[in-house]
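Engineer: With these hints in hand, go ahead and build the complete structure from the sequences.
As given, the protein sequences belong to chains E and A, one line each in that order.
The letter at position 136 of the first sequence is residue 136 when you use our numbering, and the numbering goes up by one with no holes.
The letter at position 68 of the second sequence is residue 68 when you use our numbering, and the numbering goes up by one with no holes.
Think of the hints as simulated: they come from the structure by calculation, not from any bench.
Possibly wrong hints are sitting among the right ones.
[Unchecked claim] Heads up, incomplete: computed chain E residues facing chain A, CB under 8 Å, no partners named:
id : residue
1  : 93
2  : 200
3  : 202
4  : 203
5  : 206
6  : 210
7  : 211
8  : 212
9  : 213
10 : 221
11 : 224
12 : 246
13 : 249
Values in this document were obtained by computation on a predicted structure and should not be read as measured data.
Think of the CB as a built atom: it goes at the ideal place given N, C-alpha and C, for glycine as much as any other residue.
This is what each chain is made of:
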Amino acid sequence: MATSTDSAPRRITAPVPSAAHAPIDETEGSGKYRARRIGGRVVLYAVATFFSLFAALPFAWMVLTVFKADSDLYRANNNPFIYNDPPTLANLDLLWNETNYRTFILNTFIVAMLVVLITVIIVVPAAYSLTRLAGRWGESLGILIFLVYLVPPTLLFIPLTGVVADLGLQNSRWSMVLVYPTFTIPFCTWLLMGFFKSVPWDIEEQAMIDGYTRLGAIWRTVLPVSVPGILTVVIFSFMLTMHEFVYALAFVQSSGNKTVSVGVFTELIRGDVYFWQALMAAAALVAFPVALLYNYFLDRFIAGFTLGAVKG
Amino acid sequence: MAVVETRKLSKRFSDEVMAVDAIDLRSTDGEFLVLLGPSGCGKTTLLRMIGGLEPPTSGEILIGDRLVNHLPPRARQIAMVFQSYALYPHMTVYNNIAFPLKAQKVDKAALKLKVDWAALILGIDGLLDRKPRQLSGGQRQRVALARALVREPNVFLLDEPLSNLDAQRRASARDELQQFQRDIGTTTIYVTHDQIEAMGMGDRIVVIEQGRIRQIGTPREIYEEPADTYVATFVGSPPMNLIPDGGDLVGFRPESFFPLDDDGRSSGDDLVRFTLTDAREEYLGSEKLVYGEVNGVKAVARMATNAPLSVRDGGSAPFGVHKQDLRIFDRESGLRRQLARAAQVEPAPVSGAPGR
Ligand SMILES: Nc1ncnc2c1ncn2[C@@H]1O[C@H](COP(=O)(O)OP(=O)(O)O)[C@@H](O)[C@H]1O
Ligand SMILES: [Mg+2]
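Structural biologist: Laid out in C-alpha cells, this is it:
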C-alpha cells in the first residue's frame, strides 16, 4: 500500500517536462522501455526455467534410474545423476518379461474405460438436472454430493468390502468397476456442474422453439457446447481410477486381476527387497502418456475449474 | 398467420412476485403488437408463456383460436428471437438458419433453397460459412431473424431484439425490422422497454406495469389519450405535466405548454393560463425545454429554439395551454376522468394560476 501511494505523485509529475522536447524524449523513452521489456522477459524466462527444471527433475531422475545397474545404484559414494557403470536394459526386461506388468496395464485400461463410461453416463444427466432443473437447491445439493468425495477410501473400504463380498466380486476386476464410480461420480458431477453453469441456456430453449423435444435440444445444443466439460470428466475419472490404490489392494488378490498401481507395488517389492529400477520404469511408462495428455488439455482443465469458481 | 389471445393469463413465481397478473390480450391478424413497460414488469415472462417456455399459473393462451396451454413450444408454430439472439455457437450461420428446418425433416435441396432465400432477404448471404462469434451485433440479429423466418411461423415473438445494438444501428434496424414485418405480414409480438421503439413500430401498444395492462391502443391513442397518469408519464419525454387541482390532476404535454406574450394572445377564451415560476432553460439544438414550477409542482414546456421567450433564469413567466390539450385525471385512482375527446369537455377551473 505504502509504495503505491509513494509512487503515484512521481508518475503525475514526470511527463510534464518531456512534453516540451517531444521528439527527442520519445526516442529515448522507447529505448528505455525496450530495455525494461527485455529485462522483464529475462526475469520471466529465468523463473519459468527454474520451475520447469524443478518439476522435471523427479521425472529425469526416474528415467535415469531405470537404466542403472545394481552395482551403480547401490554404492553410496556414487553420484546419483550420472552413469558410473554402463547403462543396462536388464531392469526393463525384468519388468516387461518377468512380472505381470502387461496384464496390469491391460487391467488398468479395462477398468478405467468401464469406469469412465459409467461415470459419464451418470454424471451428465446428474449435473444437468442439478444445474437446470433443481432450482435454488441444486447448488447446495451439488456441494453435498461433492462432500461424499472427501470421505477417504481408507474409511470406506471396510463397509464396501461387505458389499463386494455380498455380490461375489472379491478378487475380480468387476469389484473396482463397481466401487470406483463411488468417488468419480461425486467429483465429476461437481466438476461438470461448473461447466454447465456457463452454458448459455437460451440456446436450449431456442432449440425447443425451433421444433425439438427437450432431449433433442439437449443432444443438439447443450452437449456439443459442453464437450470441453465432458472431456474433462473423461480424463479426470480416468486418472482418478488409474492411481487408486486402497480399494484395489483390498479387493483384488490374484496377480492376474491387479491394476498397475497395486500390481507393481506387490510384485516389485519382495519382502524388504525393492527393485527400484523396475519400479521407476513401471511408474514412468504410465506417467508419461498421462502427463502428455494432461498437458494437452491443461487449458480446458483450468477453464473447467475456474468456470465453476467464478460463476458460483 | 394467426391471432394471439390470452385470457386472464397469470404467472406467479413466488408469494411476493406476481410477474404477470391476469392479462387479457387479443392481437389482430398480421398485427405488429408492442408490449411496452419498464424493466421487470413481466414482458419477457408474458412472451415466454405465449411461446410455451414458461407454464402459466392460470389463464389461457390461444394461437389461431386454438387453446395451446398444453402444447410444448415446438408444437405452437411460433418463432422467437431472444434478447441475446441465442445463436448456436457451435454451428455455422448456415446451420443455424437450417436448424428449424432439420427438425421438420425438410429434404436437403428444399432446405438449401429456403436458407438462401432467408439469408438473401436479410442481407447475410455472404456470411453463411461463419460462426456466430465472428459476427457483429447487427449481423447476429439478422441471423436470428433469418432463423425465425425460415420456419414460416404463425407468430413472431421478439424480445427486445434491438437492445444489444448501438444507438446508430438501432435506428436503422428499427426501420428495417418494421419494413420486414410489413412485407411478410406475420403477426408479431414485440417486447421493448423503449418508448421510441414502441411508438415508431407498433400498430398497437400494450402498456404494462407490474404485470398488469394499463392501456392498449395505437401509438397516437397512447400518447394523446392516456388512460391514466402512469401511461401519461411513462410515455413521452419529457413526460406529461400533471398539476394538482382539488381532487383532479390536470395534465398537458410539454409541447402544448407555450409562453404567452403579456397582452397579445392571452385573450383567447379556449386558453388556460398558468404562471411558470423559477424558470430555467435547457437548450437542445432543434428545440429547447423550459423547466419550472406551476402551483409548486414541477412542469416543463417544450418549444422551438427560436420561440420568443423572455424569462430570466429563476424568474416567472405566463404560460398557457389550449383547453383541448388538457387531460384530467382523478387524483386518487390516477384514472382519466373523461375518456371522450377533452375538447368537448368543460375545462376544470384551475385555481390560482389563471388569476392574473
Ligand atoms: N424464473 C424466475 N423466477 C423468479 N422470478 C422471476 C423469474 N423470471 C422473472 N422473474 C421475476 O418476474 C418479474 C418479471 O420479470 P420479466 O418478465 O423478466 O420482466 P421484463 O422482461 O419486463 O423486464 C421480475 O420481478 C423478475 O424478477
Ligand atoms: Mg425482459
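Engineer: I'd like to know which numbered hints this structure contradicts. Please list them from smallest to largest.
Structural biologist: 1, 12, 13
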